[in-house]
Amino acid sequence: MHLNRIACIAALLAASLAFSPWVRADEAEEIAAIQARAQKGDVHAQYFLGQLYEQGLGVRQDDAQAVEWYRQAARQGHRDAQFTLGMMYTKGERVRQDDAQAVDWYRQAAQQGDADAQFNLALMYEQGRGVPQDDAQAVQWYRQAARRGQKEAQLNLGAMYAQGQGVRQDDALAVKWFRKAARRGHAGAQFNLGVMYAQGRGVRQDDALAVQWYLKAAQQGHADAQFNLGVVYAKGERVRQDDAQAVQWYRKAAQQGHASAQFLLAMMYELGRGVEKSGAIAKEWYQKSCANGDESGCEAYNLLDYAGF
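Residue numbers for the sequence shown follow the working numbering, beginning at 1055 and rising by one.
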């Protein structure tokens, strides 16, 4: 049974089961055929059967059966099955959590060129989960995944270069990898690239480009980028000074629990900048800032509380 054929069956099963809890005769025949092929050692059928048992599509949902068929496929070198088992062991889903087992399966998939497995293996090395902590190994695997276009790996590899972690510090290479991920829409990379332009690290300092990248990240909900935009508008750095815009971006970040944004939003209310002046609302945001660990927020809250707000 070829991959394309299996994919077609999967689509048919998913579509039909979305409308009915029952399995039709033709679907039962297809599943029986898949089971027969799997039992004869067809690696693709084994992997697909694992998916059916995991999701309960056309068969009764059965975690043990799902893991068993994934394992059989993985032992035959099916890299998607290897990656799936790695994820299961990492999360402790359907199996007992086991970082060493996760690393073993990630490594097997990674050695076959699976970019997501390479990224996850790098994370395990960076965090020292299932293997001795090793930044140099983390960099090696991030690089392999990044070269295959894995955005998270590109971001993390950029961060390793920016910090000199596991590799010689190199801002230009950090910018290179941040830019690759940023151009593919990764909000964290867009924010980091904005920081590099703002600080002139690895690139010529350029506030306008910093703002452009902050904006891209902020529009995707990145709280630090939203906060930085608030600061930019409040100060009028390479944009027209605009308190209302500053408040807008502070609020977006503050609503995500960003303590510094909560503090500065409170200040805007206390001073009446970009919003109607309100000590009561300022006090609320100072309190939230304080609860999120901002000591200045605690002090400001106490002062307003003492003043009777």
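Quick caveat, the hints were computed from the structure, so don't treat them as lab data.
From a predicted model like this one, the values you see are computed outputs, not experimental measurements.
Possibly wrong hints are sitting among the right ones.
[What the hints assert, rightly or not] Pairwise CB distance ranges, derived in the manner of DEER restraints: (1) R1255 - K1145: 17 to 23 Å; (2) A1298 - Q1253: 25 to 31 Å; (3) A1361 - R1238: 48 to 54 Å; (4) N1356 - G1218: 26 to 32 Å.
[Said to hold, decoys possible] Here are the simulated BS3-like pairs of lysine-lysine, each with C-alpha atoms no more than 30 Å apart in a straight line: (5) K1205 - K1145; (6) K1331 - K1289; (7) K1230 - K1205.
All residues carry an ideal CB built from backbone N, CA and C; glycine is no exception.
Hint check:
1. R1255 - K1145: 17 to 23 Å: The hinted range 17 to 23 Å is violated for R1255 and K1145, with Cβ atoms some 36 Å apart.
2. A1298 - Q1253: 25 to 31 Å: holds, 27 Å
3. A1361 - R1238: 48 to 54 Å: holds, 50 Å
4. N1356 - G1218: 26 to 32 Å: violated, 41 Å
5. K1205 - K1145: holds, 21 Å
6. K1331 - K1289: holds, 19 Å
7. K1230 - K1205: holds, 12 Å
In summary, the structure is inconsistent with hints 1, 4 from the numbered list given earlier, while agreeing with the others.
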